[in-house]
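Put chain R on the given structure of chain H with help from the hints.
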Amino acid sequence: MIKKTPQKTDELLLSFKFNSRPDQLKLVRAKVTETVTSCGCTGNTIQDFVIAVDEACQNIIRHAYQGQPDGEIILEICKQNDDIVVLLRDFAHTVDPNLIKPRDLDDLRPGGLGTHFMQEVMDEVTFMPPPQEGGNLLKMKKRIT
Amino acid sequence: MEYEIREVDGASVVVLQGDIDLETSPQSRKVLLECIEKRSPVLVDMSGVTYIDSSGIASLVEALQKSRQNKCLFALVAVSEGALRVINLARLDKVFVIHGTVEDGLKEAASS
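Protein chains in written order, with my numbering: chain H, 20 to 164; chain R, 526 to 637.
Keep in mind that the hints were calculated from the coordinates and are not lab data. Owing to the predicted nature of the structure, the values given are computational and were not obtained by experimental measurement. Hints are supplied without guarantee of correctness; some may be wrong.
Said to hold, decoys possible - Using 30 Å as the maximum straight-line C-alpha spacing, the simulated DSSO-like pairs for lysine-lysine come out as follows:
#, chain 1, residue 1, chain 2, residue 2
1, R, Lys632, R, Lys591
2, H, Lys120, R, Lys619
3, R, Lys596, R, Lys563
4, H, Lys160, H, Lys45
5, H, Lys120, H, Lys50
6, R, Lys596, R, Lys555
7, R, Lys591, H, Lys161
8, R, Lys619, R, Lys563
9, H, Lys36, H, Lys120
10, H, Lys120, R, Lys591
11, R, Lys632, H, Lys45
12, H, Lys120, R, Lys555
13, H, Lys98, H, Lys158
14, H, Lys160, H, Lys98
15, H, Lys158, H, Lys36
Chain H extracted, bound-state conformation (with noise of 0.2 Å):
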């Protein structure tokens, strides 16, 4: 479990360990859809869930671990009254947040679009003190009601 969280008042719905590879992707895309859709999401609010995660993951896989496979990645999702947080921890080196910014849309060039759509489908996304333990940690809130 990650540490410091869930807090008292949260329902932990799912927590889920895996790789960073590639090929676990559709694994968490298919847990996250199950446990979102446990919560009464439909439609696109799943698909809001699905997006972020993976494009969380994605920079964890890429950026955080540089590629390295056998890095361990946590999922943590939590309902808290009407929001579901995600929580996803990693254990790679610590990343300065300032550094994490979406790329202007109008220069149009493949690549960097993963943390715009994060933040246009979430309603919040903060990257959180990094842990005692080194890594870091995401938050991800998004109202279902």
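Positioned in the frame of chain H, the structure of chain R alone reads:
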């Protein structure tokens, strides 16, 4: 992801199916760029695309840029609802040429 390439009236119709994500987008990139190298019109049938992420969108953008260099048509056709939503999120719906059907795409290819 699975793909199929059909040569129709001088155009390459690339049918992409399944999920285009970090695992499979290198393959979609390779297939699209190889078709564009032929310098004939390329239509990408996305009716069977069940999911596309930013890496998949990147492969489409790179193919579009290459097609502009080669001065050949590159269009998306019959884009699935889920894929179109991601294209809209990227604000690329006005950047790509998008047709509702393969037939409409072939009409433009014939006149290009």
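Here is how each hint holds up against the structure:
1. Proposed proximity of Lys632(R) and Lys591(R) is supported: the alpha carbons are some 22 Å apart, at most 30 Å.
2. Restraint check for Lys120(H) and Lys619(R): the C-alpha separation of about 23 Å stays at or below 30 Å, so the hint holds.
3. Distance hint between Lys596(R) and Lys563(R) is fulfilled; the C-alpha atoms sit about 11 Å from each other, no more than 30 Å.
4. Distance hint between Lys160(H) and Lys45(H) is fulfilled; the C-alpha atoms sit about 22 Å from each other, no more than 30 Å.
5. Between Lys120(H) and Lys50(H) the alpha-carbon distance is near 27 Å, which keeps this suggested pair within the 30 Å criterion.
6. The suggested pairing of Lys596(R) with Lys555(R) holds, with an alpha-carbon distance near 19 Å, which does not exceed 30 Å.
7. In summary, the hint linking Lys591(R) to Lys161(H) is not supported, as the alpha carbons are separated by about 38 Å, beyond the 30 Å threshold.
8. With a C-alpha separation of about 25 Å, the suggested pair Lys619(R) and Lys563(R) falls inside the 30 Å cut-off, and the hint holds.
9. Among the hinted pairs, Lys36(H) with Lys120(H) is consistent with the structure: their alpha-carbon atoms are about 26 Å apart, no more than 30 Å.
10. A distance of roughly 26 Å separates the Cα atoms of Lys120(H) and Lys591(R); the hinted pair therefore holds under the 30 Å criterion.
11. For the hint linking Lys632(R) to Lys45(H), the alpha-carbon distance of about 36 Å lies beyond 30 Å, and the restraint is violated.
12. Between Lys120(H) and Lys555(R), the direct Cα distance comes to roughly 28 Å. Compliance with the 30 Å bound is thereby established for this hinted pair.
13. Distance hint between Lys98(H) and Lys158(H) is fulfilled; the C-alpha atoms sit about 13 Å from each other, no more than 30 Å.
14. Taking the CA atoms of Lys160(H) and Lys98(H), the gap is near 10 Å; set against the 30 Å cutoff, the hint holds.
15. Taken as a hint, the Lys158(H) and Lys36(H) pair is honoured in the structure, with Cα atoms around 16 Å apart against an allowance of 30 Å.
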